[in-house]
Each structure stands twice: as C-alpha cells, then as structure tokens.
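Participant: If you want the building blocks of each chain, they are given just below.
2 protein chains.
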Amino acid sequence: MPLSPLAPAAFPDLPVIDGVTFAAAQAGVKYKNRTDVMLAVLAPGSTVTGVFTRSATRSAPVLDCQAKLGPDTGPAAILVNSGNSNAFTGKAGLESVAAITQAVAAATGIDAARVFTASTGVIGEPLPHDRIVAKIDDLKAAQSATAMTDAARAIMTTDTFPKGSTQTVTIDGKPVQIAGIAKGSGMIAPDMATMLVYIFTDAQIAYQPLQDMLGRLADKTFNNITVDSDTSTSDSLMLAATGTSGVDVTGNASFEDALHTVMLDLAHQVVRDGEGATKFVTIAVTGAETDADARLVAMATANSPLVKTAIAGEDPNWGRIVMAVGKSGAAADRDKLTIKLGDMVLAENGWRAPSYSEEAAAAHMKGQNIDINVDLGLGDGAATVWTCDLTHEYITINADYRS
Amino acid sequence: MPLSPLAPAAFPDLPVIDGVTFAAAQAGVKYKNRTDVMLAVLAPGSTVTGVFTRSATRSAPVLDCQAKLGPDTGPAAILVNSGNSNAFTGKAGLESVAAITQAVAAATGIDAARVFTASTGVIGEPLPHDRIVAKIDDLKAAQSATAMTDAARAIMTTDTFPKGSTQTVTIDGKPVQIAGIAKGSGMIAPDMATMLVYIFTDAQIAYQPLQDMLGRLADKTFNNITVDSDTSTSDSLMLAATGTSGVDVTGNASFEDALHTVMLDLAHQVVRDGEGATKFVTIAVTGAETDADARLVAMATANSPLVKTAIAGEDPNWGRIVMAVGKSGAAADRDKLTIKLGDMVLAENGWRAPSYSEEAAAAHMKGQNIDINVDLGLGDGAATVWTCDLTHEYITINADYRS
Chain A
1 MPLSPLAPAA FPDLPVIDGV TFAAAQAGVK YKNRTDVMLA VLAPGSTVTG
51 VFTRSATRSA PVLDCQAKLG PDTGPAAILV NSGNSNAFTG KAGLESVAAI
101 TQAVAAATGI DAARVFTAST GVIGEPLPHD RIVAKIDDLK AAQSATAMTD
151 AARAIMTTDT FPKGSTQTVT IDGKPVQIAG IAKGSGMIAP DMATMLVYIF
201 TDAQIAYQPL QDMLGRLADK TFNNITVDSD TSTSDSLMLA ATGTSGVDVT
251 GNASFEDALH TVMLDLAHQV VRDGEGATKF VTIAVTGAET DADARLVAMA
301 TANSPLVKTA IAGEDPNWGR IVMAVGKSGA AADRDKLTIK LGDMVLAENG
351 WRAPSYSEEA AAAHMKGQNI DINVDLGLGD GAATVWTCDL THEYITINAD
401 YRS
Chain B
1 MPLSPLAPAA FPDLPVIDGV TFAAAQAGVK YKNRTDVMLA VLAPGSTVTG
51 VFTRSATRSA PVLDCQAKLG PDTGPAAILV NSGNSNAFTG KAGLESVAAI
101 TQAVAAATGI DAARVFTAST GVIGEPLPHD RIVAKIDDLK AAQSATAMTD
151 AARAIMTTDT FPKGSTQTVT IDGKPVQIAG IAKGSGMIAP DMATMLVYIF
201 TDAQIAYQPL QDMLGRLADK TFNNITVDSD TSTSDSLMLA ATGTSGVDVT
251 GNASFEDALH TVMLDLAHQV VRDGEGATKF VTIAVTGAET DADARLVAMA
301 TANSPLVKTA IAGEDPNWGR IVMAVGKSGA AADRDKLTIK LGDMVLAENG
351 WRAPSYSEEA AAAHMKGQNI DINVDLGLGD GAATVWTCDL THEYITINAD
401 YRS
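Keeping their order, the protein sequence lines are chains A and B.
Going by the working numbering, the first sequence opens with residue 1, and the numbers climb by one from there.
Going by the working numbering, the second sequence opens with residue 1, and the numbers climb by one from there.
Simulated from the structure, these hints should not be mistaken for laboratory data.
Just so you know, same-sequence chains aren't split out, so a pair can sit in one copy or run between any two.
Below 27 Å or equal to it, Euclidean Cα-Cα: the simulated DSSO-like pairs (lysine-lysine) are:
#	residue 1	residue 2
1	Lys-340	Lys-30
2	Lys-340	Lys-91
3	Lys-68	Lys-91
4	Lys-336	Lys-91
5	Lys-336	Lys-68
6	Lys-30	Lys-91
7	Lys-32	Lys-140
8	Lys-366	Lys-30
9	Lys-140	Lys-30
10	Lys-220	Lys-68
11	Lys-220	Lys-340
12	Lys-340	Lys-366
Full structure from sequences and hints, please.
Facilitator: Rendered as structure tokens:
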C-alpha cells in the first residue's frame, strides 16, 4: 500500500521511558515477512489505566483487559498482535487470551492478572494463539528500552505508517517523559475509546486520578475523530505510568496538557492514515445550544459520504454541509447559520454569502488541510472533530480486505 | 451515466387516473436537452396529503407545502423542477416559490394556496425561477392524462431510470387505480419522509384518514431505505386522491395493502438506482428487544461503509456485521446472535457456525440480491431495511457532482 500523502515527514525520536521495555516478533498470525506481535514489560510500581470500545460485541481481549484494570501497581505486561482481532470468537476467544496471558506470566514471572492483551485484524476467525505463544520466550529475551518504534510497527494493519508521539514536561525542575504509539486506519469512529493506543510515562500517579485524566482527554481527542463512522470491536487505549521519574503529577495541569498534546497528535495521525485519505479535515462547530449539539453537527458533517466525497473531489459543495446540519438532529435555524471555509464566509443568514467566491473556495479545497467552521448562532456550545475525505482508494482497500 | 444494473426490466404501463393530467417541459434550470419541470393538475374534489423531510434545513418548497396541506378538496396543482433544490436560498427561495405558484394559479385558475411545488438538485444556489415561469403556459396547454411517464422523467437528477409503479384494487366490485412516480438516487436516508414521490389514485377518501395512512406506510417503506445515510433537505412524498372512482376507501385494508405495494415498489426502485449500486441488499433483523432496537441494528448495518464495501467486493466478511451490531446502540448479547446470509447460518452462539462454508457464502455474495438476517435472540422486535452496496461509481458520481 502506498504511503498516505498526509503522513508526517518522519517518525518522531521516542525517548526511553525508564521502567518500560519492548520487543517485537514475527508470529505469522496472518501477515508474512513482517512483525505482528509486540510485548511491553512494565517495572514494579507502574500504574496501568485504560479506556476501551463501548461496542456491544467487543472482543475477548477487551473484555479481559476491562476485568483486570485496577489500582494494583505490581509489574505488568502488554501483548498485542495484528492480523486477527479475536473478536466474535466465543469461548475459544477467551481461551486464546488465557493461553497467551498465562504464557507471558510463565516467561516473565508477572501475575497473569497483570498481563493485558489486544488483538487487531479480521473479526470472527479463531486466533491461532499457538503461533503467538511460541514467540513469547523470544519476546522476553529481546526486551529493550529503545524498541518502542518496533512495537509501533508490529501493531499496524492497513496503516501505511507507524504512529508515535512524545512530549517532555518539566515539573518542579524535573523532566517527565511521555511517549505513545498507535495503530488505526479504518473502522475508526467515535463513541468509543479509540483504536489501539499505548502511552507510557515515567510520571508518578495513582490509578484513579490517572484513569480519570485518561477518560477526560479521550473525549477531547480519540473520541472526536472519525474515518468511516464504523466503531471497532477492539478499540483499546492504555496509559502506563512507571513512576520512575519520582515526580508526582497528581492534579498537575502541565502534565495533563502534555498528555493531551501526545493524545491529540496520535489521534490526528490516525486520521492522516485514514484508509484512502488525501485531505485532513477539521470541522469546528460553534454557537450551538449545547456542546452535545455541536458534536452532533460536527459528526454528521464528518461522517457524511456526500461531504467526504465532495472534499475528495476538491469541490466546494457547501450545500452538503447545510444538508448535514439539517439531518444531525441538533437544534438549528437556517437563517442563523454561518459556514466558513478557512477564513472565507460561504453562507450566512440563510443563504450564500454576498462575498462568496467560487474561485477562492475552490482554491482552499485544493489544499491538503480543509478547515470547515459551522456557527449555529444559537448559543455557546462548541465541538471540533477531525476526519478525512472518502476516496476511490477507501473502496479499493475495503471491497476485498480479507483476501 | 450508464443504466443501473439493478434497474427493472421495463417502466410499468401506468393507467390513467381519472381527474389528474400531466405535462413536462424543458425549462433549462440547469440541464440541457432534457425535460426538467413537470406540472400535474388535479380536478375539483381531490384530497392532497404529504409527508416531508424532517431536516432542520429543509427547502423553501417543503416549507411552503407543509403550510398548505389540509382538508380542502378544491382543484390543485403540483409543479416539480429538477436541477436546483431551492434549499438554503433564504428569502429569495420563498420568493421563487411564490413566483412559481402564482404563475401556476394565473395560468390554471387554481387558488395559489392549492399549488404545491418541489425542487431537487444542488443546494444553496438561487433558483432561476423565471425560466420555469416562462414555461407554465406551455405546461398548461400540454396537459394530458397519459403523460405521467413524462413527468417521471422530468424529475430525475442522478437517477439512471425513471421510477413508476401501479396497482389496481377491486372494492365493492369496482376497480380503484393507484399509480405513482418517484425520483431518488443519492442523499437517500431514513428519518425523513422520502425523496420526491408523487402517487395518484381515483379513490375517494378525506384528508385526515388519507394523511394518516400515508404516514403509516411511509414508516414501512421509504423510511426504511438508505443509500448513503444522508438525509435530503427536499424530500417530499405526496399522495392525491381524486375521488373520481366513486369508491370510498376510508378504513379499507385492501386499498391500504395496494398502496403499500406501490410505495414499497417505488422505495425499492430508489435503492435499485442508488448511486453506483450493483447489489440490492435486504437486511432483516429479528429477535430484538423492541422494533426500535431492530431498526437501529438494521440501519447501522445498512449504513456501514465497511459492510457496504464488503458487499461491493462480493466478500462474505460477516465480521463487519458483528461490528455494526455492536456499534448500533441496541441491546445485544454476543452469545445469542445469529447471522444468516440467505438460508445459510454464518455465525451463532458467539462465534462462526460449525457449518460455515466460505465457498457457499462467497457464492451468495456473487448474486445481485443479498439477503442478510440478523437475529438478536432477545425478544420479538423486528425491522427490515433495504440498501445497496458502496462502489467506486458512488465516489465518481459524488466527488464532482456540481461540474
């Protein structure tokens, strides 16, 4: 698959997070000649938090992780495979999770109740977990503090680039590191936790405040992106704090800001690798009666196939944005609506703006970053979501994903 | 545009409905070398009912029609243009409606309060109503009881075939005729009335019972189809009963059945002309806790880009149906779910059915009619929706619709 035209110039230089090591291996779950399993090992003292898909048909690994989250700070491990999602696999799915977590426990000495897993790929096929179990000793032996990039590559499916992000924040004169990786390209939609995202920090913080912070920031980042409106059965966002910096970040706004930056960057990278994407689209809605209404309008616009295909065609067909506002279910008054493309007012007071220029609008549409602002003129509710266009390549990728 | 592969073999032979006449003309609103405006004239004694889009940004003609509906049975007229939807056109939009309805009133002697209009096409551009007004005398002069097919052609936009349907029902030994036409291909989604549909009958029935029947049947037909999840600003479904048969159909089940058949046929034809469609897909959901939950699951499946692209690729990737059930918001239990393709059980009891055959599933997917049944195993709630696949042609049609 060719690299997404929206890919960042380079993968970032991820710092070592003291207390975490990584390794990747080729288990041959489905893909050939590439890594497809990664193991991260967390030192004693680590807090592990997570947010997961709200799908009613969530995968076996998601169910297992949700049951295991808690305030324990013993050593922990995270194992992720690509190529098979172990979703809708019934009792066999839970048996696969048990086989893998017990094998990791045996190889590392970590309590199986602190071994978290995730699987991503096709839904409904039994996971050949023996292939993964057979690699666990190798994964244990290869653990390295500098291998987070290898882990980012091993969890890719239809992704065209690995996704990483990092921030350093200085608190009380001491540096605190945050670094994360993500995968995600299709079956990306909100009302969930996210795709697969793993973030690590050497900050010191207890389970509940970190879990609360993660949920709060997920709602501002991963829950506000969409590629195709389809919510995955496997979405998992995990954040581990090793505490090795010795810096307590409980209630620290600078830390939360830095974590927000990393999460937003990873969320944007997922959109930038949206299947078939050629445009990065920001939809900001203001002036709604409530924030919830603003989000309804933003998501109705971001998920509209007609809006997304117009963007793909570089056609400033803003009438389709009016359509999306109308169908969203949010309170809206045609005559108070203002629609902007970048700084240009396209429509206001219930019709096309007198200053509208088709040429200027078409010029904005030719860019790689499309900025749509919808002001409903009713109140203070606001929301911003990010999406990509809908192109032929999306159809090509998904019309025969399994073969 | 090539004819949809799902088009009916032929346009039906529509009967004359005593009390209604039609004509079509080339007004040049946007299209060249084709008709783009139709006028239907209804004799005194006609009951006119309608159901319209629930969009918050509905078009000027929709607002005007909604204000005019009522128990009056004086003569009436319906004028429809294609090429411009007169939606999001502010005060100028209402002025265009007034200019057109007054011109029809002047030419026909019908009260302007009984002249209904609709417009379909691009959103947000002023309607050049003078071009339509200039054709009204011609349309009046050309009125013919046998020109309903011409009317069906004049209201097409991206449609690849005109849509018509008819039924005759015998009540008390007397025949009652029903005949209707429709347009619709993209921007087709539920939670609305429908696209543009005009149905005529010579039955005799008062406004309120006919309006109630129309709403009831719209919920079983046009509100259960979707092409692309995008709800139009202009959807209008109108039903006029001229009473000329002298047969009172108030509360008559045979009449309601026949009308249901016509409406379902027209709704299916809209799906069969879905932009880029190559497969006609029926999604029947049973065993839900409520009918509303069943509809949530059916619509989540029908609107999923991943389900629709898998169908386009003839790939029996039923894991995506599991995903759609999971994201739908309906109550669902993975281990009670059964998914069938035609008569084949694909999945049951939380995983792939032991009898699953990839070859048999692939063979069903190669057909033109795809039948998906999802049983949730929880209750008696049921719903059926109809949709089409999502193909390259949809992208091609919509990436540059305006040029």
